[in-house]
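Number of protein chains: 2
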Amino acid sequence: MWNAADERPSVCALLMPQLMKFTRLPHLAGTEQNLRYAEQIRDEWLEFGLDSVEMVPYDVLLSYPNKSQPNYISIVDQLGNEVFNSSLAEPVPEGYEDTSNIVPPYSAFSAKGQPEGDLVYVNYGRTEDFFQLEREMGINVTEKIVIVRYGKIFRGNKVKNAMLAGAKGIIMFSDPADYWAAGVQPYPAGWNLPGGGAQRGNVLNLNGAGDPLTPGYPAKDYTYRFSLEDGVGLPKIPVHPIGFHDAIHLLKNMGGQIPPNNWKGALNVSYRIGPGFTDDFKSQKVRMNINTDNKVTRIYNVIGRIRGALEPDRYVILGGHRDAWVFGGIDPMSGAAVVHETVRSAGRLLSKGWRPRRTIVFASWDAEEFGLLGSTEWAEDNAKLLQERAVAYINADSAIEGMYTLRVDCTPSLHTLVYDLTKQITSPEEGEEGVSLYESWHKRDNWTNDRDAPRISKLGSGSDFEAYFIRLGIAAGRARYTKNKKTERYSSYPVYHSVYETFEIVEKFYDPTFKRLQAVAQVRGGLIFLLADSQLLPLDADQYADSLRKYAHSITQLAQTHPEEMKVYEVSFDSLFSAVENFTVAARDFHERLQTLNRVRVMNDQLMYLERAFIDPLGLPGRPFYRHVIFAPSSHNKYAGMSFPGIYDALFDIEHSADPQKAWEEVKRQISIAAFTVNAAAMTLTPPA
Amino acid sequence: MWNAADERPSVCALLMPQLMKFTRLPHLAGTEQNLRYAEQIRDEWLEFGLDSVEMVPYDVLLSYPNKSQPNYISIVDQLGNEVFNSSLAEPVPEGYEDTSNIVPPYSAFSAKGQPEGDLVYVNYGRTEDFFQLEREMGINVTEKIVIVRYGKIFRGNKVKNAMLAGAKGIIMFSDPADYWAAGVQPYPAGWNLPGGGAQRGNVLNLNGAGDPLTPGYPAKDYTYRFSLEDGVGLPKIPVHPIGFHDAIHLLKNMGGQIPPNNWKGALNVSYRIGPGFTDDFKSQKVRMNINTDNKVTRIYNVIGRIRGALEPDRYVILGGHRDAWVFGGIDPMSGAAVVHETVRSAGRLLSKGWRPRRTIVFASWDAEEFGLLGSTEWAEDNAKLLQERAVAYINADSAIEGMYTLRVDCTPSLHTLVYDLTKQITSPEEGEEGVSLYESWHKRDNWTNDRDAPRISKLGSGSDFEAYFIRLGIAAGRARYTKNKKTERYSSYPVYHSVYETFEIVEKFYDPTFKRLQAVAQVRGGLIFLLADSQLLPLDADQYADSLRKYAHSITQLAQTHPEEMKVYEVSFDSLFSAVENFTVAARDFHERLQTLNRVRVMNDQLMYLERAFIDPLGLPGRPFYRHVIFAPSSHNKYAGMSFPGIYDALFDIEHSADPQKAWEEVKRQISIAAFTVNAAAMTLTPPA
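Going down the list, the protein sequences come from chains W and X.
With full-length UniProt numbering, letter number 260 in the first sequence gets 260, and the count goes up by one each step, no holes.
With full-length UniProt numbering, letter number 584 in the second sequence gets 584, and the count goes up by one each step, no holes.
Worth double-checking, as some hints may not be accurate.
Remember, identical chains collapse to one label, so a pair may be satisfied in a single copy or spanning two.
[Unchecked claim] In silico DSSO-like links for lysine-lysine, alpha-carbon gap of 30 Å or less: (1) K285 / K443; (2) K295 / K662; (3) K282 / K423; (4) K282 / K264; (5) K282 / K352; (6) K662 / K220; (7) K352 / K67; (8) K486 / K352; (9) K567 / K67.
No wet-lab data here; the hints were simulated from the structure.
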């Protein structure tokens, strides 16, 4: 049996040099440098001793700024003269002055265009912000350019909301209220976002489709490609991101109403709504100059394998992306370094004669930043194998986003394994020698309301586990080091997707001893090794039952905010609770039978296929690639994981539907689908014949 | 190892009394009597010694004539008087005069209504018939009632075509050209259809959805049901079937053009097209009086199980329906008797200490006649288990439809097993003592063009294997005794779905010695026993490769009837042929590895999941429940099995599309999907790690 404590010294030894090695140069997806790193990873994985390593290419739609026509935002006077232009690039951090190929901040997949008009400020650009703007403030953004601050929801949803509201362009800025930690200096003196920094990112609404031109199928040479017009999730309006130094120029002269306080950020401006500028500047307009090009481009996943000794047809997967917006000091290379070290450690074990029971697959994904493309195309390419054979997928994106404690998001069947494992790992925090990671984590983030244990969250989306978990129904999880969510209210981490994500920011601020990355490596690696090597799969159906009950209660509570309609339309959650009860009994019986087990393979298959049982091949309404009935990203924010997403979305629509009867019928239909799916999952746990 | 020859005496001993027992009374789906038979089957299966037998109910939409307002067709004069009425029932066959609950001929799920208007005759009501009518004959059927003859395509497609063409009602009649065998007397003197007989049948367009109100989910008590308006495949116009005695009255005075010869049947009328009657009868109209009711009704499947000794989580399924339009002498009880005898034989073996390696499931389905409802609901209920665990599904509908030779339709991976098995079985034909069923069959129906072996056809639809094969991708097959297709050109068999399908028609004409049913029992039972008991699954991937190549050639030939467009739109089948080549190599290598096999389970799983690899979760365009990329019913006739149905349908649409570029783009997209799927299937056969 693999033991986490035994592996610690070797797993982490080279984390620092590995991270440094792969963050020297910008390596955006589709560029020469990202291919070079892929080749280097392939070569080193082979040296480490994997049984096989291959480069797997796909030709997917990417998006780059036009080098000869840069993107920027202008304020133009009544003669059309540009009286202000936003910066064309971020100030380059010290030590990287000679680096070429730093892509300037841009919104990947933005439409091209030069829209010109009045600005309207719409807070975070959420559904509720546009509602408030239109219904309470009486402002229509048709033919306007909206400006919103980053944060709270996925940027692609802000763009979708702006399009639906009729805007002809959207500008997104990083407000210090959302991207500054209190008392911290901007980089390089500290780890806050400088005023000249801005957040790159794609603005697609893919809903899990992968490459926008080949939804459902891998983007190979012979694959049929839709035209750009028919592509999935491509925005139809120009989009551009700016830093707060530039944002001040756009915001400071805005006219119109003063918004409620929760619309105000931390800049020294009044955050007026508009439309347009105050009387003094009324003749000035804002113009976006966007020339970003979509381009079908070759990307490369690196796939390494260790053949299982006893169950070669059962796969445990550790995957994380390699492509970065610039250097990727945090995102993703802090995670890629962890994968690299895990491979090295596995290779060392292999050389000592060890071989895991099951096959382990290691993946270095490409083009995650452009919509999880590398991982999704590979999932599409291998869907039939994965569906029959994959035991679990562990994701390895950024290993650190804060300096406080561990963060784990995973499927409920992995809860017990995560707890058991973290009890074997030592806390990386100073002064906690001899304290387990579990205790350290528990102390800092207790799951108070539900149970006395460290908090584990639901998986949302926004990283490469999506196709594996939400489309294919493979048990999945992720782990990283995080901030203190209660006291640090900024969004993700301040320099997220900026040029300031360097090796140095990790080495100087986030993890000078590399012990936090080491702890994350031990969690990710430990999960993989235990899933691959335990005779009995370490998946816990009882935990799934507990979680289902919790989720059922919480979705019911949400519905019960409409008690009268629930009576009128005869909406009942009884069938769902009855299904959860069936599942609970089946799970309990299953684990009791495990005590006297004589058919390991049969019962392991039942455990492996448990997650698959939650997949509905019909998908969620309008989202054919989101097929997990228990978990999906919110329709309104892909970062947020929803339980019972079908019911949740139907309830959300209650507020906005012109036909409440129809909307409530959909709630009832979704309850029925959820109850059926939970009952069917219970059946998969009963004795097979 | 089970041996077909050993089992012969016992398998067949009681076929005759079993058939008699279950054909004494009408047992339409949803009726008391069909429940009684279900209970009897459950009780006897338990007595025979199965490990478990359960009744599994669903509440599905059925359709019955209104007893107080019978359905009929009238000719009305200008005053509205009914000058002719079609018969309200078929003349009851001798010996059944006192039988109650014989449902009169009707079209299940017909819309209600009393449409009145001129008749238009549209041959078989195929797409091409309506095309010819509209384009060549210049006749528009809007607001007309169409009359078509039964045959060639599924009746539901005739109704869909009539609706699409704008007709307000449709009458279907059995023409002797299509329902008389030469030189044969009508029943009871022979086995031809009497002039007063008519063909019952459902007129849905379900495309595999099962219960129209619960598509995709089992019709349980808590399942959400769509309104009738939103139900799947329900026709919006009245539909009614008549015999040829009644048809003569409607056809004899019709006016309008004389049609081409291939529109003419064998009645002594001119088969004029209409619209309406000749001058002498111009003021007469046709009125349909249809009062059929849709009704959610409880149905019952009977599910019996033998637990597998070594692989209890691998299922081999023998299923066939029990519900009949009236007595079900041929359809389905000739098949149900075979299942019953197979269960009895299995029970006898169990009592001698035998137990199969894998689990065997026996099913008596309900409501097949109403759209494969019982089998589809159970497939939906158990989809997640079946997907992971089902090895094969063998269908047991009517065991006999002719007196000539064996007919087998199955997935290519079963070809070898079928050949091997039939070589062990003796021919049932007189004068062929000592001749194998294989030789007898080979002599009568050689697969000349392709290979020197008995012909095996593709699976279409029209019986209960559909959800298992085409939705879930489980290897499937069916076998029955059939007519000589070259000389006997009538559709199915003459008394099909009439009251004349009695026990006596089998006993007197089709199989007086019951040796043909015995041979079918040995084929169906033999397949089940060999699939359940062989250590290595008897599935042949090489045969799949051969078939794929044949199908690829034939779909390419179809496309090449448009050589110029193929150039203009750059349509190439290269990727498909390359994928077929990859599959062929993978299959050959797989079977070579089987020679030196050391991992039976791993390789058996590869074989089991091979069929599953052809499933595309996205389904065929507009047909989400038809998900098999290699096989599906034609969009234009569900009885016909199409290879590469996606490409086939796209090519069919070429002829009818207003936008040829778009139509050819769809052809290219479908080629790409087919190539991807065949490549993915090849991957499932390669070494697992």
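Each hint, compared with the structure:
no. : hint        : result
1   : K285 / K443 : neither (53 Å within a copy, 87 Å between copies)
2   : K295 / K662 : between (42 Å within a copy, 23 Å between copies)
3   : K282 / K423 : neither (63 Å within a copy, 92 Å between copies)
4   : K282 / K264 : within (22 Å within a copy, 81 Å between copies)
5   : K282 / K352 : neither (75 Å within a copy, 97 Å between copies)
6   : K662 / K220 : between (42 Å within a copy, 22 Å between copies)
7   : K352 / K67  : neither (51 Å within a copy, 82 Å between copies)
8   : K486 / K352 : neither (45 Å within a copy, 70 Å between copies)
9   : K567 / K67  : neither (60 Å within a copy, 37 Å between copies)
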